[in-house]
Amino acid sequence: GWMLRKFWIHWPLRCIDHLITVSDATKEAVRKEAPWFPASKITVIPTVVPQHFRPRASHPQNSKPVALHIGLAENKNLEGHSKALEGLNIHLRIIGEPAEPDHAMLKSRGIDYSCAARLSDDEMQAEYANADFLLFASTLEGFGMPIIEANRVGVPVITSRMEPMKSVACDAAELCDSDDHLSIRNSIQRVLDDNNYQKILIQNGFSNAERFSPHKAAQMHHDLYQSCLKQT
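According to this note's numbering, the stretch in the sequence shown is residues 609 to 840, in order.
Hint data in this document are derived by calculation from the structure and do not stem from the laboratory.
Among the clues, some could well be false.
Each computed DSS-like pair below joins lysine-lysine, with the alpha-carbon atoms no more than 27 angstroms apart [stated by the list, open to error]:
{"no.": "1", "residue 1": "K807", "residue 2": "K649"}
{"no.": "2", "residue 1": "K715", "residue 2": "K672"}
{"no.": "3", "residue 1": "K649", "residue 2": "K635"}
Per label pair, the in silico range of CB-to-CB distance [as the list claims (entries may be wrong)]:
{"no.": "4", "residue 1": "E731", "residue 2": "Y805", "range": "25 to 31 angstroms"}
{"no.": "5", "residue 1": "A826", "residue 2": "P646", "range": "24 to 30 angstroms"}
{"no.": "6", "residue 1": "V656", "residue 2": "L612", "range": "26 to 32 angstroms"}
{"no.": "7", "residue 1": "Y805", "residue 2": "H626", "range": "39 to 45 angstroms"}
{"no.": "8", "residue 1": "P620", "residue 2": "D720", "range": "41 to 47 angstroms"}
{"no.": "9", "residue 1": "H823", "residue 2": "H626", "range": "19 to 25 angstroms"}
{"no.": "10", "residue 1": "D730", "residue 2": "E687", "range": "39 to 45 angstroms"}
{"no.": "11", "residue 1": "Y833", "residue 2": "S716", "range": "19 to 25 angstroms"}
{"no.": "12", "residue 1": "T747", "residue 2": "H711", "range": "17 to 23 angstroms"}
{"no.": "13", "residue 1": "Q811", "residue 2": "L727", "range": "26 to 32 angstroms"}
Since we're looking at a predicted model, the values are computed, not measured.
Think of the CB as a built atom: it goes at the ideal place given N, C-alpha and C, for glycine as much as any other residue.
My request is simple: use the sequences and hints to build the entire structure.
See the structure below:
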């Protein structure tokens with residue numbers, strides 16, 4: 609509500625000289641919420657991708673394709689994913705603990721699925737490595753870290769044709785309309801039906817992940833701090 613926005617956004621912005629956001633989408637959200645805060649005092653420095661994710665040794669040999677779904681907040685679009693997967697011979701691997709209504713919804717659509725939660729870094733690496741693709745048609749994100757994690761592991765990505773996911777993924781993902789389950793389904797089928805396209809997405813993903821290296825982020829922070837010091 610109003611008090612939360614005051615506490616988390618308005619008061620902090622009145623106390624700082626400069627703001628760093630993880631994406632242009634987050635920057636625009638701040639500008640919309642606090643149009644009085646100067647845009648010149650906001651710098652976008654993307655989140656650093658966790659370096660423990662590494663390219664998988666080989667592609668999985670699953671009896672049926674595995675779609676990896678991460679997170680169970682409403683914006684993670686589990687229902688949209690399930691509508692898209694209904695009737696397809698695909699296993700949905702969910703990272704998180706679905707509530708009973710989620711289980712009922714998945715079962716009503718005949719989705720073949722399994723769940724895992726509270727995973728270690730090594731276990732999460734294994735989940736990515738075993739997936740045929742990441743299904744991340746989220747409806748809202750501040751950044752969209754799973755896109756880059758999957759890029760690093762070498763997993764084809766399907767994500768939303770909206771910001772910030774579109775800019776984070778660049779040319780390293782198949783883009784769909786997150787509010788249209790037929791668009792999501794078409795993207796799934798395009799990725800699964802075209803091995804050459806999969807290889808292109810994977811190679812583009814390795815290159816894309818380099819944009820979010822610790823070295824690049826550190827240089828951007830350094831340059832910003834130097835700029836701020838010159839202005840004092």
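Right, here's what the structure says about each hint:
no.	hint	in the structure
1	K807 - K649	41 angstroms, violated
2	K715 - K672	18 angstroms, holds
3	K649 - K635	10 angstroms, holds
4	E731 - Y805: 25 to 31 angstroms	29 angstroms, holds
5	A826 - P646: 24 to 30 angstroms	25 angstroms, holds
6	V656 - L612: 26 to 32 angstroms	28 angstroms, holds
7	Y805 - H626: 39 to 45 angstroms	42 angstroms, holds
8	P620 - D720: 41 to 47 angstroms	46 angstroms, holds
9	H823 - H626: 19 to 25 angstroms	22 angstroms, holds
10	D730 - E687: 39 to 45 angstroms	30 angstroms, violated
11	Y833 - S716: 19 to 25 angstroms	54 angstroms, violated
12	T747 - H711: 17 to 23 angstroms	21 angstroms, holds
13	Q811 - L727: 26 to 32 angstroms	27 angstroms, holds
The structure shown violates the earlier hints numbered 1, 10, 11.
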